Amino acid sequence: MENSSLFDKLSSRLDELSNLPKLDDEVSISKLIEEKGFSRREFMTWAGAMTSMLMLPASFTPLVAQAAEIADRLPLVWLHMAECTGCSESLLRSATPSIDSLIFDYISLEYHETIMAAAGWQAEQNLHNAMQKYKGRYILMVEGGIPHAESDYFLTIGAHGKTGQESAQEACADAAAIFAIGSCSSFGGVQAAYPNPTNATALSNITNKTVINVPGCPPSESNIVGTLLHFILYGTLPALDVYNRPKWAYGLRIHDACERRGRFDAGEFVEQFGDEGAKNGYCLYKVGCKGPYTFNNCSKQKFNQGTSWPVQAGHGCMGCSEPDFWDKMGIVHEPLGDRLYHTVFGGLGADATADKIGVGILTVTAIGIAAHAAISLVKKPKE
Amino acid sequence: MSKRVIVDPITRIEGHLRAEVIVGDDGVVQDAFVSSTLWRGLEVIAKGRDPRNIPLMMQRICGVCTYSHYLKSTMAVEDALGIKIPYNAELVRTLMNAALFMHDHVVHFYHLHGVDWVDIVSALSADEEKASKLAFKYSDNPIGTGENELKKVKEKIAKFAKNPQGLGPFANAYWGHKTFRFTPEQNLIALSHYLKALEIQRIIAQMMAIFGGKNPHPQSLAVGGVTCVMDILNPARMGEYLVKYQTIADFVNNAYYADIVMAAEMYKTEPSVMKPMGVKNFMAHQDMMVGRNDYLFESGVIMNGDLSKVFEIDEDMITEEATHSWYKDDAPQHPYDGTTNPNYTGFVDGDTVGPDGKMISSKMINEKEKYSWIKSPRYKGEPMEVGPLACMLVGYAKGNKKTVKVVNDFLAKTGVPAAALFSTLGRTAGRMLQAKLIADNALVAFNNLIENLKVDQETCATYTIDKNREYKGRGMGDVPRGMLSHWIRIKNGVVENYQAVVPSTWNAGPMDSKGAKGPYEADLIGLKIEDLTQPIEIIRIIHSYDPCIACAVHVMDTKGKILSQYKVDPLYGGCTI
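Note that the protein sequences, when read in sequence, are chains C and F. Numbering-wise, the first sequence is residues 1 to 383 according to full-length UniProt numbering. Numbering-wise, the second sequence is residues 1 to 577 according to full-length UniProt numbering.
Okay, chain F solo, but in the shape it has when bound:
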């Protein structure tokens, strides 16, 4: 008989997320549902405000991808008002973006996703000398893998491991699970990088703060450009960025890259990470300007995994629907006209697999009705995957030279066929390849900025907002989790309507009216789970998307209804005014 398994909270992500699967006697997932369980309503809050205030407010959608929404929101206002920002500002924004991407990806692989791949307890039985030599197989200049260093890492973790309570944040995880594939030596190498990455991420954050004032939530963009003119005119400041950049690029090339090559080697026979993905449609948007008309990322759409054709994005074809989301107005809507009235119908009572394997009474998703605060975005009615893998595939298929080089080198180094990219492993590799693309190429923007400053020191365009005019615009691009778009309408000098369609919404959305599933849910179906009380396979797949759920849930009514007048009964459903 089939059983239901709930994972809630899914930890090591941003936000509040629940996954539920229905598993047959053979341990294979027959159906899957993913629900976001927090709603904040930022878009209704945006309404009626001065457009210049919106970027800093929208930045608060997320403190992890802490620059993404700030940037796209600023761009949306600029697009609406018809502002062309100075070239210097474009380049500075790219330099901050480079820091964000490398930060997000390093932290994601090591601190969020890492322990789905790396068995920390197994690392304790590693031979340091062997591990130290092994590291040279994956990198010519390995980082943090000298014999003595590895010995110290082992000692440090051994102290933790002696006392199960003492494992602190590592306590009660799925150590020893049979789907872990690294040898003890490989685990030790990755563990050393986990610790090293804690320091590295702080340096990357400083890199952003040089031009951003702080991280998280930098504060140096204004509608029209950037405000950090003193910093970019200061050679010492520029030098500081450069030195940190080189440290990070070295880590990306010699630790992160090496570890993914190692993962590709060891996990390419592990079914839970090689299972073909459920949705093979990909979408990505141009971003990361490094010079005039020179972008690291390309725009395009790939359908059914066919890399021989890349379609241009038709922005009119982007919709969101709420058939299975806790909102009224089920039908698909374009973001410029989106409505989002909450209609919480809660969970239902039922029995699910408990922590000891016995059935336990829980609150379950009611999949026949509404079950998530995330809506279902569709492109031409189809679900799409967005994210670093989509970005790399689109760039590759379009023949972007820098992208093609990075991808081909990786395929050659690992011997993995291109088809294997359409998997959880591919998604994890795609993220690293994007970090490498940036580490290898973003300094082009740095050099162009220095050159340009010699002849032009403009950093911020001036503009006026005509209160008698109506404006609309959008800010679009690819951010660390994928294609992000912010859509704004301005009337009477204030925000009339605001919507953001974010990467995690594309990936984590529930079913649509036709029953078509989004990437998270579709990917879980067919997955074999070895032990229902330790569903690491589920977490591994979900984590490979780098979920950012506060990002995904943000949407709100745009038709002027005052939502606090709704009274909603959380358990029995229905929404009464």
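So here's chain C without its partners, still in its complex pose:
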């Protein structure tokens, strides 16, 4: 029942969007996909994979396919704040030519400093024009933390010396949807780690509008593309967790679907990098994996079109999609119990006991339940 009403809702939203004018009448994404040599069957297989990634029932596959096909109605503005460009790089890595990347080739990227040809005044004009022409219709993606309040001058852009905070606020004002791409714009990121010398903050702290966070350092290309598809399907409000992360991507812990989970359950741990356990793919918990505390789909989606992910490369998860992970996840190569810094859950539940449980009792369910309980306690919805 629930599914059928959701199906109707999404269908009518797609119909609405389909009636919007395309940015370019000459071509469409479906035509482009065909030109690139993808068969309809391949396209539908991809749509099926996306459907399952978006945690929708398989029967919704045609809707996801339709959403991809009408992505060409979307103008996109991408702003760089205090960042390292890693999120843009992640986007550029999107697929070897694949449908994901075609979608990004095809939506109209109106402003993106790393790839646009224009510079200086001409670049500023492009931004201004896009915001005017597509007022209320453009998607805004922001990369980077934002030096804000009275130290906003740590970032200025353009000949008028406008601060990053001002630019971001202006762009937010008329955006149809706002996505904070990466942990910096979602939560402040590395520059906001203690003592946060530039007063860098999350995008959501400088605008009153809803910001959907897509954290990760950087997020995988599929999470970026999925976010876009989700917006097309749902509008601005997917199911979000307490940190405004879409649940379809950040609903499960890394640990839940980890390929080394069986080793954890069996009590087989890497004790030191390069040891026999490391050669045999044992669990990385004792060398610092933060998978049990980190909500993201890396263990399912992997990176670079499924090439690998950190745990596969023998290095534990560092917790990069969690708020303030630099300060709260402790030492990268030690279990959370041994730490110099404040931890995520302030010494509660799993935080206090995970090490003992992980190493001693080795009860997966115990750690899972404990972590979940602690998270439920600490993660209160934003006011």
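Don't read these hints as lab results, they were simulated from the structure. Here the structure is a predicted model, which means the values were calculated and not measured. No residue lacks a Cβ here, since even glycine has one placed at the ideal position from N, Cα and C. Keep in mind that the hints are not guaranteed to be accurate.
Partner residues are not named here, just some residues of chain F that face chain C (Cβ under 8 Å, in silico) [claimed, not checked]:
| no. | residue |
| --- | --- |
| 1 | Ile45 |
| 2 | Asn53 |
| 3 | Asn172 |
| 4 | Gly176 |
| 5 | Pro184 |
| 6 | Gly224 |
| 7 | Asp456 |
| 8 | Thr459 |
Let chain C serve as the given structure and place chain F on it in line with the hints.
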């Protein structure tokens, strides 16, 4: 009367960068100033943390050269703790590095720098058949230049071009500018490679991810070695690397190399790219171990463009100063003792050339005071250029056989004299030659790894950190943008002091106390600008350095001051506690 021209933002780079020039009536640049307009403060954040956490954090200096800081930071900690990493780990690090270099250089030439050389709109009037034949002039096995392929490329871009708004990321650029030198056919060949390179760069990223877990920001180094032992013991994984490597090497040799030969032919008479560079001092550091005591890159210093003498680097002679940077403590400091307290004095009001050529009220650099978040690194008090060109010149001057071969072949093929390397064209060619050096030789490391694994499977050294001891160390080497060094002091088991002196700081730094300019600024002086509203010449020179500004700006107080207690007025200057 002289006028001031501002370019901000300089796009197609990493980071936030502004260039300002003062131009006389003759259109020639009389003076130039370059400013970085973002500061993040990673080094103060490093302070007090566990040294093992620092490499992953320092990697976040930059997502473009996304492995460079991870590697040098890890090496700094290893140097401090006196760790010698296993040979296997050295070789795996080289294989990841090979991917990084080829990725960075291909992306830089085609996607960042490319449209400074290639007029995309001109490509639309090309004759595909002629272009297809022409491609054989530059390569025996050209890539992506079959007549039908070129036709498709043209069609694809023509669709864009019909509607000016539809140009998307190509909109509002300097198409048709008279300093573009390629023929329509040459533009079409390069444009086809631009598109091809989009796919190629994804494959190179996968190449790094095989051992790195992901790209950007790989995650398989640990202090002491590498963690990807399962991947290197897996023949299928090694094979995957090999196949991708060959694809990329083919692209470097038959597209990238060919296009630079083509550029050398067409641009060698274009004054804006052949103007002799302003700083002719070069520095590079040994890197890219492919076998025991066998490195592709050499260490050394060249002064005043004199290739007959190469000096050894004296690390004590490296300093950074902040006379014109938005920090206190102006005097030169060695990185082990560096301080960096912000002292933002902002811009001043003034009139500059606007987008339509009329003067417009703007915020301008105050060159008499401080004007950039980048400091001015000096070697023995002198500004230095670092980067692929410096690396190739040092290797060449030192007689590194592999480097000499690559450089000599290129000079013979193009007929360009060695002196022409000291220019914007030389810098662009140097980067490609470095990519070729790696494409031709990095598999030596791959083969040595396979051989060594038969007798030794060690990948990570063990170590302890004695909390009662003080340590200091540095990680140094040449990364895609040039010589990079990370400097660490460890006390009580945590980071006491951290500094990174990075390539873009060397190249993009402002004036020093003597008024001596860094490479960016010095290079712009004397440049003729055809049209003040379309200063493509400025961008072309700046891009030839492959600016990476988040890299260059990272520095912070190391003396224990809490910076959030400073209150700084951005417009009127001054810093009050």
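How the hints compare with the structure:
Hint on isoleucine 45(F) holds. Least Cβ distance to chain C is approximately 5 Å, under the 8 Å limit. Interface hint status for asparagine 53(F): upheld, as the beta-carbon distance to the closest one in chain C is roughly 5 Å, under 8 Å. Annotation: asparagine 172(F) was flagged as interfacial toward chain C, and the flag holds, the nearest CB pair being 4 Å apart, inside 8 Å. For glycine 176(F), the shortest C-beta to C-beta distance to chain C is roughly 13 Å, which exceeds 8 Å, and the interface hint is violated.
Interface hint status for proline 184(F): violated, as the beta-carbon distance to the closest one in chain C is roughly 18 Å, over 8 Å. Checking glycine 224(F) against chain C by beta carbon gives a least distance of about 7 Å; that is within 8 Å, so the hint holds. A least Cβ separation of about 11 Å between aspartate 456(F) and chain C goes past the 8 Å threshold, and the interface hint is therefore violated. Here the hint on threonine 459(F) is kept, as its CB sits about 4 Å from the closest CB of chain C, short of 8 Å.
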